[in-house]
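Novice: The whole structure should be built from the sequences, with the hints applied where relevant.
As given, the protein sequences belong to chains A and B, one line each in that order.
The first sequence maps to residues 1 to 532 in this note's numbering.
The second sequence maps to residues 533 to 587 in this note's numbering.
Hints may contain errors.
[Said to hold, decoys possible] To spell it out: a stretch of chain A is covered by chain B in this simulated footprint if at least three of its residues, at any positions, have a beta carbon under 8 Å from a beta carbon of chain B; those stretches are:
(1) 362-372
(2) 391-402
[Claimed, not checked] Pairwise CB distance ranges (calculated):
(3) A:108 <-> B:544: 51 to 61 Å
(4) A:305 <-> B:545: 52 to 62 Å
(5) A:357 <-> B:536: 19 to 29 Å
(6) A:69 <-> B:570: 57 to 67 Å
(7) B:570 <-> A:279: 36 to 46 Å
(8) A:108 <-> B:571: 56 to 66 Å
(9) B:570 <-> A:388: 37 to 47 Å
(10) A:339 <-> B:571: 28 to 38 Å
No wet-lab data here; the hints were simulated from the structure.
Since the model is a prediction, treat every value here as computed from it, not as a measurement.
Where a beta carbon is used, it is the ideal one built from N, C-alpha and C, also for glycine.
One letter stands for each residue in the lines below.
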Amino acid sequence: MMPRRCGPMSLAPTRCSTARKRSRRRGPTDSFSCRASRRTGTTARPVTDGRSVARTARDVGTGAVTAADVVRSAMAAIVNGESGPRRLNAFISFAYEAAVDAAAAIDERVAAGAVLPLAGVPVAVKDNICTADLPTTCGSRMLARLHVAVRRHRSAPAAAGRSRHRGQDEPGRVRHGLVHGALGVRPTCNPYDRSRVAGGSSGGSAAAVAAGMVPAALGSDTGGSVRQPAAFCGVVGIRPTWGRVSRYGLVAHASSLDQVGVLGRTVADAARVLHVIAGADARDMTAAARAVPDLVAAAEPDPDAGAAPLAGLVVGVPAEYLDAGLHPGVRSVCDRAAHALRALGATVREVSLPHTRHALPAYTVIAAAEASANLARFDGVRFGARVAADTAPDACAASRGAGLGAEVRRRIVLGTFVLSGGWHAMYYDTARRVRTLVARDFHAVFAAGTDLLLTPTTPEPAFAVGERTGDPYAMYRSDVFTVPAALAGVPALSLPAGTADGLPVGVQLVAPRWAEAELLAAAACLEAATAP
Amino acid sequence: MPHPADFLTAVRLANLQLEPDEVDRLAAGIAGIIAHVEALRATRPGRGATVHRCR
Chain A
1 MMPRRCGPMS
11 LAPTRCSTAR
21 KRSRRRGPTD
31 SFSCRASRRT
41 GTTARPVTDG
51 RSVARTARDV
61 GTGAVTAADV
71 VRSAMAAIVN
81 GESGPRRLNA
91 FISFAYEAAV
101 DAAAAIDERV
111 AAGAVLPLAG
121 VPVAVKDNIC
131 TADLPTTCGS
141 RMLARLHVAV
151 RRHRSAPAAA
161 GRSRHRGQDE
171 PGRVRHGLVH
181 GALGVRPTCN
191 PYDRSRVAGG
201 SSGGSAAAVA
211 AGMVPAALGS
221 DTGGSVRQPA
231 AFCGVVGIRP
241 TWGRVSRYGL
251 VAHASSLDQV
261 GVLGRTVADA
271 ARVLHVIAGA
281 DARDMTAAAR
291 AVPDLVAAAE
301 PDPDAGAAPL
311 AGLVVGVPAE
321 YLDAGLHPGV
331 RSVCDRAAHA
341 LRALGATVRE
351 VSLPHTRHAL
361 PAYTVIAAAE
371 ASANLARFDG
381 VRFGARVAAD
391 TAPDACAASR
401 GAGLGAEVRR
411 RIVLGTFVLS
421 GGWHAMYYDT
431 ARRVRTLVAR
441 DFHAVFAAGT
451 DLLLTPTTPE
461 PAFAVGERTG
471 DPYAMYRSDV
481 FTVPAALAGV
491 PALSLPAGTA
501 DGLPVGVQLV
511 APRWAEAELL
521 AAAACLEAAT
531 AP
Chain B
533 MPHPADFLTA
543 VRLANLQLEP
553 DEVDRLAAGI
563 AGIIAHVEAL
573 RATRPGRGAT
583 VHRCR
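Specialist: In C-alpha cells:
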C-alpha cells in the first residue's frame, strides 16, 4: 500500500553551528550543507536520526529498539522527504505494510535468539532489482505492470522502499526524462542542491542515503551507475568484482558489465550490506563460487595499526586520469586524498593505464550492443505494455516505440547499428578488442606491485538538471573515470573526500579482482583521515 | 562515417515504430556518438592470437 503523502515538508531549519560539529558521513548536514543552503536557498537536512547500519542492527538485535519502530521511523522520514514542492523524488514506490510485516517477523526471530546481520535495517532497492513486494518498472512505462519475485537479501533486512532511477528506463547515465509513478514527474534532485542532478542511474538510491532516509541502498552499476551518483551525492558507493554478487532478479541491461552494488553513508555501512549479498547463487551461473572474506571486519579500524595503518600499501595514481579536462576542484580533492594516503603510511606513485582514453567509446559500443539484445524482450508480448495494431509485428513495433524512453530508443538503435552487417567488425569487434587492452592495463599495473589505484570518480561535481540533454555523449563523459574498471571487471569504490564549488566530490579506489576486503580496508582508513 | 540511411536501417531492425521527425533526431544523436567512437578504429587492436604459417 502506498502511504499517503503528507503536507509540505516540515524540515527544521538548518543550524550551521550545530551542523559543523557533525560528521559529514552522516549526510548533508555539515557546514558544507549550510553553505549550499545559503547559496541556493535549499536545505538538505536529514529526516532520520542518522543511525548507521551497524547501530541499527545492533540495537534491534539487542532489543533496544524494535524493527517495527525502525521501519516506522524510516517510512516517516521517506514520506517527509518526498512531500511538498521541494521533495527529492528519490522513491517511486513503497511497501509499507509488507515492511511492517517483515519487521514484525524480524522482531519475533530476534526474540527467539536469531542473530541477523542486518536486523531491522531499512534498505532502499533500485527500481531495476526485482523484489517480492514491489512492482519493478525500471522507471519505464513499458514495465509499469511487471511483477517478479526474488528474495536474495531479504533474509536479513526489513525492506523500506523502491528507489528511483534518475530517469526513465534502463540503467546508464544521468538522464533527464520523466518517470511515471505516484510521486510526480520531476527528476531526482541532488540533496545538496535541488537544481543539480543526483547522478545516475542509481541516483534515487544515492539521494535517499545522502538525505538520511535510509542508511543503505542497493543499486546497479553497468559503467558507473553506483559510483557516479555516490560521488555526486556525497555517499559511499561500491561496485564489487563482476561475479561477486548474484544478479538474479536484476533486469539485464548490458550483461557483461552489469553488477549489483551498494550505497551507504559510510564504508562500514556499505561493507555490512555487501557482505550479506555477496557469494554464489544457484540461480545465477555468473555468481562466482568463491569464498567471501569477512568484509565487515575489513572495514573496521585496526586498533593495533598505529599511526600508519596502510604501511606497505602501494597506491597508483594513473596519469591518464589527471588530464587537462579535470575540474580543478576535483583535482585538488584527489591531491589531498593522495596526501592523506601517504600520511597513513601508503606509498603513492604515478602509474599508466595507456588505453584509458579509448575506454569510453568502447564502453558506449559494447553497452549499447548488449542493451539492444537484452531489451529486445520488451515487445509487448511476453514483457511490457502492449499497444494494439492490425498485425503482430506492427503491435510489437508500436509497443516498443510507445513504451521505451528516448534514451533507451537511442541506445537500442545504436546497438542494433553497431551489430548490423558491415558495421559489426568496424565497431563492435574493435570495441571488444579495446576492452581487452583496457583490462590488460589494469592487470599489468596490479601485477607490477600496485595494490590499489586512486582516481577521481567523476571529472566534475554534479551538473545542473537539463544541462546536457542535447548532447548525449557529453552526458556519457561523466562516466569517463568509472567505465574502465567496469570494462575490466575489477572492484571499485567511490568515497566522498571533499567539496568543489560547494558540492561533494568523490575519489575512486580500484582494486584487483576479488580484493574487496583490501579495497574496503583502505577506503575505511582514507575515510577516517579525510573526515572533517 | 556511416550514411544516415544506415541508421534508418537500424531503426527498422530494432523493431521500433517512431515518428519521422524522431527518426531524424535519433539518427543525428547517434551520428554524434559514432563520431566519438570513430577514434576506436585508429587503435587497430590486435586479435590476441599469433598466426604461424606452416606447411
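Novice: Hints first: check each against the structure and report whether it holds.
Specialist: Taking the hints in turn, this is what the structure says about them:
Against chain B, the stretch 362-372 of chain A contributes 4 residues with a C-beta closer than 8 Å to a partner C-beta. That satisfies the three-residue criterion, and the hint holds. Only residues whose beta carbon comes within less than 8 Å of a beta carbon in chain B count, and the stretch 391-402 of chain A has 8; three or more means the coverage holds. With their beta carbons about 58 Å apart, residue 108 of chain A and residue 544 of chain B fall inside the hinted range of 51 to 61 Å. Taking the beta carbon of each, residue 305 of chain A and residue 545 of chain B are about 58 Å apart, inside 52 to 62 Å as hinted.
In this structure the supplied range 19 to 29 Å holds for residue 357 of chain A paired with residue 536 of chain B, their Cβ-Cβ distance being about 28 Å. Between residue 69 of chain A and residue 570 of chain B the beta carbons are some 58 Å apart, a value that agrees with the proposed interval 57 to 67 Å. The hint said 36 to 46 Å for the Cβ distance between residue 570 of chain B and residue 279 of chain A, and at roughly 42 Å that hint holds. Between residue 108 of chain A and residue 571 of chain B the CB atoms are about 60 Å apart, so this pair conforms to the stated range of 56 to 66 Å.
In this structure the hint that residue 570 of chain B and residue 388 of chain A lie 37 to 47 Å apart at CB holds, the actual value being about 42 Å. The supplied range of 28 to 38 Å is met by residue 339 of chain A and residue 571 of chain B, whose beta-carbon atoms lie about 34 Å from each other.
The structure fails none of the hints (numbered hints given earlier).
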